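Chains A and B supply the protein sequences, listed in that same order. The first sequence begins at 396 in the working numbering and counts up by one. The second sequence begins at 396 in the working numbering and counts up by one.
Rather than coming from a laboratory, the hints here were simulated on the basis of the structure. Since the model is a prediction, treat every value here as computed from it, not as a measurement. There may be inaccurate statements among the hints.
Where chains are identical, the list cannot tell them apart; a pair therefore holds if satisfied intra-copy or between any two copies.
[Claimed, not checked] Simulated crosslink set (EDC-like; lysine to aspartate or glutamate; CA at most 20 Å straight-line):
no.: 1; residue 1: Lys525; residue 2: Asp447
no.: 2; residue 1: Lys452; residue 2: Glu440
no.: 3; residue 1: Lys525; residue 2: Glu418
no.: 4; residue 1: Lys473; residue 2: Glu595
no.: 5; residue 1: Lys451; residue 2: Glu418
no.: 6; residue 1: Lys473; residue 2: Asp719
no.: 7; residue 1: Lys726; residue 2: Asp416
no.: 8; residue 1: Lys669; residue 2: Asp416
no.: 9; residue 1: Lys832; residue 2: Asp521
no.: 10; residue 1: Lys451; residue 2: Glu440
Number of protein chains: 2
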Amino acid sequence: MNKLPNIKTHFADWYQSVVYDAELADQTPVRGCMVIRPYGYAIWERMQHILDLQFKKLGIQNAAFPLLIPLSFLQKEKEHVEGFAPEVAVVSHAGGKELEEPLVVRPTSETIIHTMFARWIHSWRDLPLKINQWCSVVRWEMRPRPFLRTSEFWWQEGHTAHETEEEARRMAEQMHQLYRVFMEEYLAMPVIAAAKPPHERFAGADETFTLEGCMQDGKALQMGTSHLISQDFARAFGITFQNRQEGISYPFLTSWGVSTRMIGGMIMTHGDQKGLIIPPKIAPVQVVIIPIFKAENRERVLEATRELAKQLHQVARITVDESDTETPGAKFYRWELKGVPLRVEIGMRDIDAGTVTVVDRPEGVKRLIQWTQVEQTVEDLLVEIQQKLFEKAKEHRAAQWVVTDETLAQFGHRLAENNGFYEVGWSGDEKAIVALKEFGGTIRCVLPTHQRKRCFYNGSESRYDIVVAKAY
Amino acid sequence: MNKLPNIKTHFADWYQSVVYDAELADQTPVRGCMVIRPYGYAIWERMQHILDLQFKKLGIQNAAFPLLIPLSFLQKEKEHVEGFAPEVAVVSHAGGKELEEPLVVRPTSETIIHTMFARWIHSWRDLPLKINQWCSVVRWEMRPRPFLRTSEFWWQEGHTAHETEEEARRMAEQMHQLYRVFMEEYLAMPVIAAAKPPHERFAGADETFTLEGCMQDGKALQMGTSHLISQDFARAFGITFQNRQEGISYPFLTSWGVSTRMIGGMIMTHGDQKGLIIPPKIAPVQVVIIPIFKAENRERVLEATRELAKQLHQVARITVDESDTETPGAKFYRWELKGVPLRVEIGMRDIDAGTVTVVDRPEGVKRLIQWTQVEQTVEDLLVEIQQKLFEKAKEHRAAQWVVTDETLAQFGHRLAENNGFYEVGWSGDEKAIVALKEFGGTIRCVLPTHQRKRCFYNGSESRYDIVVAKAY
Chain A
396 MNKLPNIKTH
406 FADWYQSVVY
416 DAELADQTPV
426 RGCMVIRPYG
436 YAIWERMQHI
446 LDLQFKKLGI
456 QNAAFPLLIP
466 LSFLQKEKEH
476 VEGFAPEVAV
486 VSHAGGKELE
496 EPLVVRPTSE
506 TIIHTMFARW
516 IHSWRDLPLK
526 INQWCSVVRW
536 EMRPRPFLRT
546 SEFWWQEGHT
556 AHETEEEARR
566 MAEQMHQLYR
576 VFMEEYLAMP
586 VIAAAKPPHE
596 RFAGADETFT
606 LEGCMQDGKA
616 LQMGTSHLIS
626 QDFARAFGIT
636 FQNRQEGISY
646 PFLTSWGVST
656 RMIGGMIMTH
666 GDQKGLIIPP
676 KIAPVQVVII
686 PIFKAENRER
696 VLEATRELAK
706 QLHQVARITV
716 DESDTETPGA
726 KFYRWELKGV
736 PLRVEIGMRD
746 IDAGTVTVVD
756 RPEGVKRLIQ
766 WTQVEQTVED
776 LLVEIQQKLF
786 EKAKEHRAAQ
796 WVVTDETLAQ
806 FGHRLAENNG
816 FYEVGWSGDE
826 KAIVALKEFG
836 GTIRCVLPTH
846 QRKRCFYNGS
856 ESRYDIVVAK
866 AY
Chain B
396 MNKLPNIKTH
406 FADWYQSVVY
416 DAELADQTPV
426 RGCMVIRPYG
436 YAIWERMQHI
446 LDLQFKKLGI
456 QNAAFPLLIP
466 LSFLQKEKEH
476 VEGFAPEVAV
486 VSHAGGKELE
496 EPLVVRPTSE
506 TIIHTMFARW
516 IHSWRDLPLK
526 INQWCSVVRW
536 EMRPRPFLRT
546 SEFWWQEGHT
556 AHETEEEARR
566 MAEQMHQLYR
576 VFMEEYLAMP
586 VIAAAKPPHE
596 RFAGADETFT
606 LEGCMQDGKA
616 LQMGTSHLIS
626 QDFARAFGIT
636 FQNRQEGISY
646 PFLTSWGVST
656 RMIGGMIMTH
666 GDQKGLIIPP
676 KIAPVQVVII
686 PIFKAENRER
696 VLEATRELAK
706 QLHQVARITV
716 DESDTETPGA
726 KFYRWELKGV
736 PLRVEIGMRD
746 IDAGTVTVVD
756 RPEGVKRLIQ
766 WTQVEQTVED
776 LLVEIQQKLF
786 EKAKEHRAAQ
796 WVVTDETLAQ
806 FGHRLAENNG
816 FYEVGWSGDE
826 KAIVALKEFG
836 GTIRCVLPTH
846 QRKRCFYNGS
856 ESRYDIVVAK
866 AY
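Chain A on its own, in the form it takes in the complex (with noise of 0.2 Å):
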């Protein structure tokens, strides 16, 4: 097997390799499109089903829209096609026929949907109506790259409506908190969450809020964004409604989103040179079994292994690799690659001895466990792999993040070499974006705080707190 190449000084080749040679995902012959293979769709499949229970609870209901948008839509707001235009893949043709009007593959979906809220919405009554559609959207991609940036990617997206901004701009951070929460706790990575500086802000948004997660290379992600959408959405949809005083009103909007990217960044967070490493709580395995055996003992340790693969069914998400075309060895490598948290191996020695091998992934700790301990053993460990995991990704960001007061002349250079998470203030000047540009950095977000003084451009009096780093 073709080893990886070096996660340290080459870390995109790295991510593309572990990408593929885990069997996350596959190229296709279509241009900047990807495959989601089984392995990488059961973990979409996991994120899926988490995020779906919980949207449930908040009362958000799923539906499905057409794929397939009149280009004229996407004109009505004018921020929203001037954002989009240039990404759409456009249907010409169609049931062998010029079409009238082209008809755009949904790059997102505000104004089909605002289109149906203008039909659905008539009184304070129908508010608030809470939408989400789980589905693939489509953004013409020059620099593909699988799960972070490519022409179609899977998604859901979240739109709803209400009768009051208030109450609009708490669904939009009610679901940002969600999605750190999420991030946190099940992908074990901390996020930023913070708002995005005016010009990073959704086409027609009044105001984004975004995740940033931290990668190993010390680059940004955004792994999610919710937005407080501009009421001109509202306006050119003519979406309206009878308010509490009989009188008419536009309704207050919100949309949010996360996608496969996070598989991404998952990945990019907690992979080694050994390949991916995946938290127990979106494994679609968290442990593999691997029996060893001879040819002359191999029927009584395959016994024992579905004995023990009983037991285990009962704690965890668990397979066993009993094929004896491969030898241990190989399969050791190949779940290693592929990042599920816990190998259990047994063998003669441990049937007679009553014990199996535990082997976690992230430290390769090998521990002699009884067969009476093995349950309460697997669940403990998958528990501690989670938190180690969180813990772990909490200091790498930490050694990545550089608070100064510096200006850009003075840092821009580390950034451009080393990447790194740099907290600086802004005095808001836009010309700090160009001038960032050179060192291919980006301002990744606004923070709550503002202990920043100076300016990092122009080195006047700041006006916020931000983040600025290299991002994906």
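Go by the hints and put chain B onto chain A.
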């Protein structure tokens, strides 16, 4: 509220009104495309959940393949492109430029999935490979009808590859039977599980198995299909594997799918003049609790209602309709329209007497039940309703089913005027297909029996027993 069109005299209008009024789906400004609204989508999610568990037990794994497929891929298999080319939506531009090669929005995914199979399959050890995808597909539709024919529809498409033809055939038959059992046990719909005649096969299939439901108007609905795919696909896409004799072989392929069309079938099988009737096993809401209160006893009734809800929550999927902007009568009407199997009413008189009123949707029988008996009653009634709906649907189909040795000239006008299923003999003469069209009929399937002696078309010796009907 509007009354529904008469189900006996205006079945098609009745159907559309039920779909829209019960808020299952809605029309959109995108030609031929519908929105599945939350109530309709919740039914689809129930179907997905049940089927997905069954697929996984058979070792079928979910994955996600590109939505856009190069036009040339469709052209690799001659019959396939002839079947689908007239229906596809074509993307000519993307990312602001004309594409070098047009892409089609997938009408089905054989061509892209087989392309990936060629990359993934090397040895007999890689087989069987069993992949499924939940997604939407686009086939341009001139006469759209919600759930039955829309330009975009939602489905699952399974694709497998096998070492031997026997194994592939077993797989196609296994899925065919899985679908049949699902339709009978969950949707309470009797379906004919049989083979399609050659001219009705999937474009590029050696054999197509179909599930044919009988709607209340005596027309057939194809509810799902399972195909043994021609080995030409493996050749066209270069899928080969090293066989057990170390030679090179082409694998044998299957594909199989069911779609949101099943929702249409369910409506047309069980609905009545009051609207939808959803079989309990598939109903997103099995029991609606409606408190009956006046201003002066509102709190006491609502308190008892919530208590009751807590109890019933243990045994059924329930909802409580607490709103005080509607009369109980209006609520009854709406939940009947939506086809919820059971309604539980609770008012002051009930609270004083320690009773509730339970009303079943199909027969509208009111039962005064002791509070202590309510959970058991609900459980029992849900089972009973499920069984009775299936029995009634079977009786209805039997009443539509005509076994005859008559020729088309004799029964054709009855078919044209009154619909119905005609079980007749067929010599295999393809002229029969055109002749049938004049009466609006098609050959729905070839039965496994051979009891009819004369061909319904030309009176010659019959080779097959077939079912002839009009179809959606």
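Please list, smallest to largest, the hint numbers that this structure does not respect. Those not satisfied are hints 6 and 9.
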